[in-house]
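Chemist: Now for the letters of each chain:
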Amino acid sequence: MKKYISVIVVAFFFLIWEIAARLNILDTQFIPAFSTVIKETLAMAASGDLFKHIFASLLRLFFGIGLAVLISLPLGFLLAGWTPRLSAFLNPLFTNLSMANPFTLIPVFMLLLGMGEVSKIGIIFWVTLWPALFSAISGVRQIDPVVLKAARAMGASGVKIFFAIILPGSVNRIFTGVKSSVTLGFTVLMGAEMIGSKAGLGFIIFTSNKNYNIPKLYVGILMIAITGALVNLLIEKMQKSIVVWEENVDRIM
Amino acid sequence: MPNKIELNNISQAYYIKSSETNKKVKFYALKDFTLSVSDGEFVVVVGPSGCGKSTLLDILSGLFKANSGSIAIDGQIVNGPALDRGFVMQSYALFPWRTIKKNVEFGLELKKIPKKERGEISASFIELVGLHGYENRYPYELSGGMKQRVAIARALAYDPKVLLMDEPFAAVDAQTREKLQDELVSIWQKTNKTIIFVTHSIEEAVTLADRVVVMTENPGTIKEIVPINLPRPRISVEAGISEAYSAFVSRIWGLLHNAEESFESARL
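Protein chains in written order, with my numbering: chain A, 1 to 253; chain B, 254 to 521.
Please keep in mind that the hints were generated in silico from the structure rather than gathered at the bench. Where is the CB? At the ideal position from N, CA and C, for every residue including glycine. Heads up, a few of these hints could be off.
Under the rule of at most 35 Å between Cα atoms (straight-line distance), these lysine-lysine pairs were calculated in the DSBU-like manner [stated by the list, open to error]:
1. B/LYS364 / A/LYS240
2. B/LYS369 / A/LYS240
3. A/LYS198 / B/LYS432
4. A/LYS149 / B/LYS277
5. B/LYS355 / A/LYS149
Which bits of chain B does chain A cover? Going by a derived footprint, with three or more residues having C-beta under 8 Å, they are [as the list claims (entries may be wrong)]:
6. 324-336
7. 354-366
Chain B with its partners taken away, still in its complex shape (with noise of 0.2 Å):
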């Protein structure tokens, strides 16, 4: 089966102002990153805040052009945002003035998709979040859980082939926020969409992923790919916390806890 998405050699570097000498240093966010992830596939990224996962969306969105390397979907080059991929955001980013309805159908707008036919659509997927009832109101009558959910059938509501999230459950609090775990899994499974998921959290990737993409930071480049062989569902209130699982856990901790003494030391 060929790859669904190839990330090939992406390089992105700032200039920044360094505290110590005020002089400007090339700073990589990405360096020479290169991932080919499979066809409904699973994939987080973690990694030490500004280590360019981030970074790594926004130019997967097609939103920024990365400084070199080439990114293609299904063989085709990325040239700039488009409908096959759906972006969801820490900060939801609804807009405030649609309802949820319409909000959900903004990516069929786009798409040209007939009135009658988007109401259906968009139906389907405000059930599928759990927020039937909830099609006429307002974002900013919906707590931060529901406005995820709602971000999250906007982005598959027009079909896209590509889930890009960054960090989309920081925000809410962590009973919500296993709550919304569990239900992109399913989702995840009945959609078969390819995810590419952003955390810092390791527990949240543990629990999401088909693979563990480990960054390290400054270059931002790949420390290390963890395939979590774990059968689904990962956390349950029966079977509690798998010794397995906890293995995961420690061992990405390790690895980012070296990434970051490295990079400690290759400062000094």
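Chain A on its own, in the form it takes in the complex (with noise of 0.2 Å):
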């Protein structure tokens, strides 16, 4: 039922957006109709460029993200379960490096790491590496200690304890902060992919801008969001294939 709720939602802003520039309400100059961004996206569908785009895109925030996962997991196991007074320690200078305005990083990341992929994906593990941490820490901290109890108690060993405990214990948790770091990952994607690319969802908004073609601009936009979306939920499709011991919430509302 909530599914169907939120399909008419969208439906609805599109149908008011439609007879909202129909009616010459919105400045078509500036805001096209939700009909011709569609037709613009057909026409790039048709000529395979926003399968392109979008590849580029998404290219850039598997390894982006991808990295930023693969290091902040182990980090932040480390940090939470074996140097917990370290971790209390850096928690200040994580918390402050992570607030950051990303585009403002930007310049730095071109200056340090050049302009090819190298910064650009530099730029997107940076962002999404914080939410991932984070949730690294608290997913192991938010352990009830009575069950690591339970397993000492009966002689678990370390490796144990972390494949039987620590890992599925935070999984929930790990999920929930990668799903902020892929929302993150498309917010930064636009400035990451403004200079010196040559195709992206970033890019085509980018350029768009400059060329005033605002239609495509348009369609960098719609695109961003629904693949983003997309994507999260995809991620939500796989937490909740592996998250299958806790009370599912939206059941019971």
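With the hints as a guide, dock the two chains, each given alone in a separate frame, to form the complex.
Modeler: Written out as structure tokens, the structure is:
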């Protein structure tokens, strides 16, 4: 039921947009009608251009976020599980670093890593690292100590405790963190692809804006929103298929 | 017959901040605690909260090392946690991400028992605690009483010699509690385990124990050991509660209250 309602709400939004454009309530020079944007999207899809851009962006996100997860998870487990005191010392530093506005950091990354792919993936990595790291740390911390005590009382080894307790005990929280990472990754994509790229959803927005191709600009905006939502949905499905042991909140409400 | 468990002069102290003087004072959770438990015996430890009952079990489990004293099980000095002891806690401590079957099999995995055999053992213990049909459920789907049954099955499945139980029935409702007590006694009679059971309920102690160890608070020492030589079952619908049973309850009640009074006067 909830699913249908959200589909209806989205459809209603596009309908209002279309009507407002047709009735000239919107200045179509700046906000073209929804149907115009769709027409442009279909044209780009037909030429194959659209998929080239989506693929380029997804590839960058995949490497950036993948690297962030690959580094943040072991680091988070290490900090929370084995060196809690060090973790407490580092926490303010991490919080400050994570608060740095990613868009202001883009020039720094360009300076340090050049104009190529490395700096684009680098900025995505930097931004998405923090939610994943924080979720790994808090994921370990929120494990019920009584459960750990039970495993230890049976003489479980460190390796067994890691795989049988720490990992499953924190996986739900980690998924939530990775979802925030993906959202942030899509947000920063536009900035990362502004300079020195030849393809990507951010590139579409940047070049259309420069060339005053307004419908194409909206294609970029729409595609970032849709791809981001789809990737998040995919991760949510994964989360639900892995974390089967928790009471499903949706079912109660 | 040699004793199963020997506790020799166990002492464990903490430093706590006194509320009156704001100075750190030494608090003896256990002091010179000496107790012998024979094979297959059901010993219940009662005492006021904070008297060191739970500390005693933590030390027995091997999770904590006492400041001084030693513990031996079957003549072997206890150096840390091991599968010769099973631990059942008040808050169940089930693994939420494991099914009932997989919870019960945890200790068997540690023992490196092959999968097929694990399945057979877990099935028989799940049956023993009356949870047949719930093998593939997750803990969140179970009531408190059922969760504690799983915890007991988990602790029994890897065949420990000794069962340590830390107020296991304190979190369930009164009716379930009586039922679980009955079940525990019958499981104990079937499996012949040595049980050390901690509770603050005097009735529970008299219902379950071969011997009741009455403790004092700060220092945590043994006030008296009361053997309960009553036939089992001690409470039944037909016979009701016998006078002898009530006599034990009031005797232990008296011991506990004396203990508290003397503690009060010692503080004044």
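Chemist: Hint by hint, say whether it matches the structure.
Modeler: Verification of the hints:
no., hint, in the structure
1, B/LYS364 / A/LYS240, "32 Å, holds"
2, B/LYS369 / A/LYS240, "29 Å, holds"
3, A/LYS198 / B/LYS432, "73 Å, violated"
4, A/LYS149 / B/LYS277, "28 Å, holds"
5, B/LYS355 / A/LYS149, "17 Å, holds"
6, 324-336, "holds (count 4)"
7, 354-366, "holds (count 4)"
Hint check: a violation occurs at hint 3 only; the rest are consistent with the structure.
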